[in-house]
Amino acid sequence: MKSQERIPKSRIERAAHIAGAGVKVGGNYIKHYAKKMVNSDVQREELHRDNAGDIYETLSKLKGSALKVAQMMSMDRGILPQEYQEKFQLSQYSAPPLSAPLVAQIFRKSLGNSPGAFFDEFTQNAVAAASIGQVHKATKNSKELAIKIQYPGIANSIGSDLRMVKPFAVRLLSMNKNDIDNYFDEIEGKLMEETNYQLELQRSIELSQACAHISNLQFPEYYPEWSSDKIITMDWLNGLHLKEFLATKPTQEVRNSIGQALWDFYDFQIHELKMVHADPHPGNFLFTPDGKVNIFDFGCVKVIPDRFYTPYFRLVDRSIYNNTEETHSIFRELELLHEDDSAGEIAFFAPLFKQMIDMLTLPFTCETFDFGDERYFGGIYQFADNLIEMPEIRNSKKARGSRHSLYINRTYYGLYHMLFDLKAEVVTGKRKF
Amino acid sequence: MVDIGHLRMEKVTILEKYIQFQLEHGKQPESVYLFMKQLKKKDADFFAVFSSFEAVDAFFWEHLFHNTQAKLEADKQYQQFGSSEKLSAFYFLWTQELLAHRSYLLMLAKHSGKGIMPTEKYLQHFRHLFLDYAAGIVASGIEEKQIADRKFISDQFRHGLWAQTVFLLNFWIKDTSNDFEDTDAAIEKTVRLIYKLMGENIFDEMLDLGKFIFQRSKKSFS
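In the order they appear, the protein sequences are chains A and B.
Residue numbering for the first sequence follows the numbering used here, beginning at 496 and increasing consecutively.
Residue numbering for the second sequence follows the numbering used here, beginning at 352 and increasing consecutively.
Looking at chain B on its own, in the form it has when it is part of the complex (with noise of 0.2 Å):
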């Protein structure tokens, strides 16, 4: 049987290697044997865990997701939270977490140039985990009444989510505040508004109108 806690171990050791490389090289190492080389240590080690840097790069936005995941659920609070405080608490917690490796961020947004975009490749497979996530986020809203339950309209919402996610992280690595307060403000207010565009709102009237002009439409050419 596989040990899931030593797998996990293994993996985070050598992310921190490889971060910490990258930090001071300002690059990625050359290639899996000289990087691990370097931790006088085999490439099969490395290659047991990850089959590429690639994977490494996507394990670390999946090592974040996961402490916060694991903070919140050892978090009483969290369980009474409705839908929209679970996700302030889930953007607060994870805004944490990236703060212990800023300085990597700051260089994969450097890297990029206009900041950590939603389309590159490391972030695919958080976004996935993000989603499932945030689909949970979404169904226990719309069972609090705090979101509109709209047809084909509402399986979208989570992915809005992810749009703010994005862009929490830009604001985040561009927020120059005292201890990031204005990030924290960020999150309450793009929390507020999200929940304001997913409850009944203006849209649902207009949809509401539609449908009725449409359907009145059509008797009339019938």
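Chain A on its own, in the form it takes in the complex (with noise of 0.2 Å):
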């Protein structure tokens, strides 16, 4: 495991980090408009490229929450190429290491009593990195557990580290202040979730108990009585993390099983439970060379309100597009367009928006879809190029799509990633919208 050297764990620290990148991205417009002077050709696009550049190499010094807002502003909006996109996902692998006397004082201070009076065996060192915690192996009774250890002061510097990249969202995205409030409010409401384990803890033994019937899932057993709001102890799960899997070869077979499994597990909560673990990243499922999948991290889980649910899926039946008035009427509920809408941006942004929905819901509209189909991804990332050239979406001040869709398209996006890099041809039309 690659560690980064240190957490910039200070304000100040993190502070420094992100000013920055703010004389950075100033320095790029600076370098485009000099440009612009000599040779007007010069590309808006190079201009994007320097900066984002310059934000991830920022952003990633960063662990924690500046990261994962990041993450979905990368992901939701397009804001950053492709390649960076992936440097963030392996970002989250790795982790700078808490000491062995810290973890023994975290555990005092929330269970009582350090590691050893509860296990038989406890690795000094993190095995593993979780998203804002690490993870230890202990063995207890000869049965082997994972222990998530949560980084000391996270929660405290969520709220200051969004205020810090709020700036540049605001910049980055040129939408305005309310709309942008809006999202960070959803964001800052999930990560605060994220750092409690204790509604985590219970949120697993929900979820995984609801889901269990799936068939090829797999979940741990966790054990409160080890757990805390710092802590959480499952038992220990084998497999492999999805790069180190498809190193190995699978059969298309074993692909499509754990393609199913994955796609069975979010359409049960999504249109069952509605609510769904909304962190479908590589590093949360562990592979089996038989076929399944085992899933321990239920850290982000998005709750989903009736009234975003009811339109976003209605969209899904192509039916609804022979009614122009209907389809606006949608479009508002998921706050895709405002009733303030000229009708010349009417005219621009609904074809547009269904050109998308048509594209993004096209699985649930077959019977079996073939995830591993590059055509069709490659469509999606063409479209999502060209939306970011498009000058009428860069310079729209006004917030396009609820701020429930920001972790549902989140969850999308991931799941069709992994089904993509899986290969898998899944089972997807059971379900009749």
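Quick caveat, the hints were computed from the structure, so don't treat them as lab data.
A hint or two may mislead.
To be verified - Quick list of the computed label-pair ranges, beta carbon to beta carbon:
{"#": "1", "chain 1": "B", "residue 1": "Leu548", "chain 2": "A", "residue 2": "Ala623", "range": "25 to 33 Å"}
{"#": "2", "chain 1": "B", "residue 1": "Lys562", "chain 2": "A", "residue 2": "Glu739", "range": "31 to 39 Å"}
{"#": "3", "chain 1": "A", "residue 1": "Gly684", "chain 2": "B", "residue 2": "Lys540", "range": "25 to 33 Å"}
{"#": "4", "chain 1": "A", "residue 1": "Tyr876", "chain 2": "B", "residue 2": "Arg453", "range": "50 to 58 Å"}
{"#": "5", "chain 1": "B", "residue 1": "Leu385", "chain 2": "A", "residue 2": "Gln697", "range": "52 to 60 Å"}
{"#": "6", "chain 1": "A", "residue 1": "Gly684", "chain 2": "B", "residue 2": "Glu495", "range": "41 to 49 Å"}
{"#": "7", "chain 1": "A", "residue 1": "Glu639", "chain 2": "B", "residue 2": "Asn529", "range": "26 to 34 Å"}
{"#": "8", "chain 1": "B", "residue 1": "Thr470", "chain 2": "A", "residue 2": "Gln619", "range": "50 to 58 Å"}
{"#": "9", "chain 1": "B", "residue 1": "Lys562", "chain 2": "A", "residue 2": "Gly734", "range": "54 to 62 Å"}
{"#": "10", "chain 1": "A", "residue 1": "Ser605", "chain 2": "B", "residue 2": "Ala514", "range": "24 to 32 Å"}
{"#": "11", "chain 1": "B", "residue 1": "Arg453", "chain 2": "A", "residue 2": "Gln619", "range": "28 to 36 Å"}
{"#": "12", "chain 1": "A", "residue 1": "Leu732", "chain 2": "B", "residue 2": "Lys540", "range": "44 to 52 Å"}
{"#": "13", "chain 1": "B", "residue 1": "Lys562", "chain 2": "A", "residue 2": "Asn636", "range": "56 to 64 Å"}
{"#": "14", "chain 1": "A", "residue 1": "Glu739", "chain 2": "B", "residue 2": "Asn529", "range": "35 to 43 Å"}
Glycine is no exception: its CB is placed at the ideal position from the N, C-alpha and C atoms.
If you follow the hints, you should be able to join the two separate chains into one complex; please do so.
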């Protein structure tokens, strides 16, 4: 495990990093205008790439919330080019480790005794990183356990991190402040929830029980007696992360079995439970050679309100587009369109959204869908890239899309991405909308 | 034969009453006589274990140090730790000990106005105990090659650790974070820094260069 040298923990240190990006971004604009004076053909795209690089570089030095925000922004708005998005995903694997005495201290503070008092064996060093903590391995009565320990002070730093990232978001997304606030509110709420290990434990137990009937899924057992607001103890799960798993060249059959399990897992949560494991990045899953998925991280769960769910999934029904009036009214419910939009804006955005939704919901409309279809994903990425280049989109001051869509889109984005990597063929059409 | 355990218990009992008195009255008792009278005891009981209130003040810190050491010795993991981890473990447990007396410590810091200064008279006994302990930590650090063995300077390292201790004490006093998480972070960071400073680093290169130039320059004049 490659780890960063240290987390910039204090607010001032973080501010210094962020300010670093601010200076550089400013510098890029100067470069941009300087070039423009000499050569008017200078691509705004080039500026965009320079900025993305500097922002990536700066934010990747931060752990925790700033990183998450960067990820969310980059995914949802296509702000960062694909290459950086992938780098962000990788960076979740690395973490600056806590020293063994500090781990013992966290145990004493939250469970009243050091790890040695609870377990027969306990690894002194972390064996893996979690998004806001690290994982140790322990044994008790020859049972292997995974123990997730949260970095101290994470909850305190979220608010100040977000406040520092906000000015960038305003500038990068060129949105008005109210809309940004609305999104940030959603993200901050979710991040705060993620630091609440008591809530995570409760949801882990609930959701894993509710999904236990889905074939080829495996969940660990959780141990509340060895868990606290900073610690979660569960069974140790074996398996490989997606990249390593794919390197073993699993058969199409195994990949299909895994893809189906993932699809069913999300389908059931979204449509039956109306709450969903909203963090489908590859680090949260382990795959086994016999085609099973181990799921163990319920830190980020999005509860889907009916007022969002109903219009969102009505759009899957293609026949709705015959009725422009109704389509637009659904777009308005989802805040894709606004009451004060001009006729021109509606004429520009409505067909774009229709096209986007067409593409993204395509798997829902088929009986089986081949997620290995490169043309399909190529089309999505192409569409997203085109979107970035449209001045109407870049200069639009209004946010388009409800705050709930942030995490739902992210969930589908993550799920599709994994299924694409798996090249899985999945039965998707069981559900009728 | 003097029963040390019993003697310590006597001392602790008086210490607790003494702290309680100060917290309730905001100042030291007028005299040992009045203090003991209020406890419905004879002042001879006090003088059997302490010579003065100042001795009690000093014993408070010894008591915290003693408790920390006892917990460290009972910890199997601690025995396996390297030098820097031992020091961290000491600070973590020590700050836990401080917690039981936070109100009293806040009062001490408030009285002095600027926090608890390393020169406070009541800290000096603790200082000696800590320096002995720190000498052991430094020695094992040198043995494990975590700490560079520098002539004359290595002997001073423990004084650096003492400065760190007083810094952490005052940091903790001012800490308002949840569960004193910031103090935990401060311990991690200061220990990491101080081991970087004590380990092989740029100073060794500077020293080496300095020695070299000094020797050459002597040569040229001889």
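A quick look at each hint next to the structure:
Taking 25 to 33 Å as the suggested C-beta distance range, the pair Leu548(B) and Ala623(A) conforms, at roughly 31 Å. At roughly 52 Å, the beta-carbon separation of Lys562(B) and Glu739(A) lies outside the given 31 to 39 Å, and the hint is violated. Look at Gly684(A) against Lys540(B): about 30 Å separates their beta carbons, and that is inside 25 to 33 Å. Distance hint check: the CB atoms of Tyr876(A) and Arg453(B) are about 57 Å apart, consistent with the given range 50 to 58 Å.
Range check, Leu385(B) to Gln697(A): about 56 Å between beta-carbon atoms, so the 52 to 60 Å window is met. Taking 41 to 49 Å as the suggested C-beta distance range, the pair Gly684(A) and Glu495(B) conforms, at roughly 47 Å. The hinted window of 26 to 34 Å between Glu639(A) and Asn529(B) holds, with their beta carbons roughly 32 Å apart. Under the hint 50 to 58 Å, the C-beta atoms of Thr470(B) and Gln619(A), about 38 Å apart, miss the expected range.
Judged by the Cβ atoms, the range 54 to 62 Å given for Lys562(B) and Gly734(A) holds: they are separated by roughly 57 Å. Checked against the hint of 24 to 32 Å, the C-beta distance between Ser605(A) and Ala514(B) comes to roughly 30 Å, which is consistent with it. One distance hint, 28 to 36 Å for the beta-carbon pair Arg453(B) and Gln619(A), holds here, with the actual separation near 30 Å. A hinted range of 44 to 52 Å for the beta carbons of Leu732(A) and Lys540(B) is inconsistent with their spacing of about 33 Å.
In this structure, Lys562(B) and Asn636(A) meet the distance hint of 56 to 64 Å, their C-beta atoms being roughly 60 Å apart. In this structure, Glu739(A) and Asn529(B) meet the distance hint of 35 to 43 Å, their C-beta atoms being roughly 37 Å apart.
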